[in-house]
Amino acid sequence: MGKVIVVTSGKGGVGKTTSTANLGTALALLGKSVVLVDADVGLRNLDIVMGLESRVVYTSMDVIEKQCELNKALVRDRRVDGLMLLAASQKNNKDDMQPEQMKAICDKLRTTYDFTLVDSPAGIERGFRNASAGADEAIVVTTPDVSAIRDADRIIGLLQNVEIEPINLVINRFSPQLVGNGSMMDQADVLDILNIDLIGVVPEDSGVITSTNRGIPLVYEDGSPGAQAYMRIARRLTGQRIPIPDLEQKGLFSNILNWFTKNR
Amino acid sequence: MNLSIKQLFGRKPKSSNIAKQRLKLVITQDRVDVDDRFMTRLHHELAEVLAKYFEFSASSVKMNLKQEGNSYILVADFPYTKFHDMSMRR
Ligand SMILES: Nc1ncnc2c1ncn2[C@@H]1O[C@H](COP(=O)(O)OP(=O)(O)O)[C@@H](O)[C@H]1O
Ligand SMILES: [Mg+2]
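Protein chains in written order, with my numbering: chain A, 2 to 265; chain B, 5 to 94.
Simulated from the structure, these hints should not be mistaken for lab results. Check the hints yourself; a few may be wrong.
What the hints assert, rightly or not - The calculated lysine to any residue pairs, modelled on SDA-like cross-linking and capped at a C-alpha distance of 25 Å, are:
1) Lys-4(A) - Lys-95(A)
2) Lys-28(B) - Ile-197(A)
3) Lys-24(B) - Ile-125(A)
4) Lys-70(B) - Phe-87(B)
No experiment lies behind these values; they were computed from the predicted model shown.
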């Protein structure tokens, strides 16, 4: 039996789709069988971020409306073994799907694939409920800014209400420089507020934008800091214990001050 | 006043610290609001069911959620004036 993990955030634009695409690809590169489900009905993006947009024929809506079998609706990613995509319908909207219908799809996928990653739309309404309906676990993505963290807290509360467990946090677009000069909250600050387990920190990386332009997930570029961060998170998802490196780059002066404040 | 060495040296507070303090306040309030909405709904639904059996004045009802360690305890006071259904008194 595999796991169904919803990737969600509350706020839009924090990196849910980027994280779903990269973690899915990374898990497949690690030899796992993976299916990526786009649950952003009406605003689908996962297909284009994955570079699979030209190969999508059927969507989850066609499966629900029994126009096609689930297996036939899955697009195979030819770049790596064991990676599939189930696209969202672009002509429907979120109310055309019921949470139970999404759950039924996830229940089937769980029997065949090691990992089913569901890319959730922003918000706390119907789209989020659809996306989380079939999930065993959750990954909450946030950026280290006030509005994203506030929304993440709301989403975490909703996930806890429906007993989705564990809920793991990804801090995305982390900037060591900004943290270093005191204009961005660090890991400890974010965890102090949200109080859930951290599964990884992804740095701000211009490679994310260029890889999205090309439709080639960043994790194929081994060298980039973003790719390395996603590979580490994928390994943790498979149960490997890998420490979370401290991405902060503090100046000598700030390190000395820290030492004083900590040891006072 | 609890001045840290950091504050003594720094000319103005780091914006990341301000962000954290503001977030802590707003999130505490958000959580209370969610609990309030939940309690109001529970209050209404419980009162609806209990009104079938008892007579009570809505204003005398008190409900509280207490936290003890990791668990919550719901304490509800419904002072009633009489039973509606006589057969229940036996
Ligand atoms: N680590 C990162 N570094 C740089 N840009 C990023 C990073 N993560 C996401 N982005 C950019 O942020 C934007 C929103 O990301 P996306 O994954 O679509 O968010 P969501 O699905 O949460 O709305 C995209 O333009 C993406 O390229
Ligand atoms: Mg998205």
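Consistency of the hints with the structure:
Restraint check for Lys-4(A) and Lys-95(A): satisfied, since their Cα atoms lie roughly 24 Å apart, inside the 25 Å limit. A hinted pair counts as satisfied when its Cα atoms are at most 25 Å apart, and Lys-28(B) with Ile-197(A) qualifies at roughly 15 Å. Note on Lys-24(B) and Ile-125(A): the hinted pairing holds, with a Cα-Cα distance of about 23 Å set against a maximum of 25 Å. Simply put, Lys-70(B) and Phe-87(B) have alpha-carbon atoms about 29 Å apart, too far for the 25 Å limit, and the pair is violated.
The structure is inconsistent with hint 4 alone, although it conforms to all the rest.
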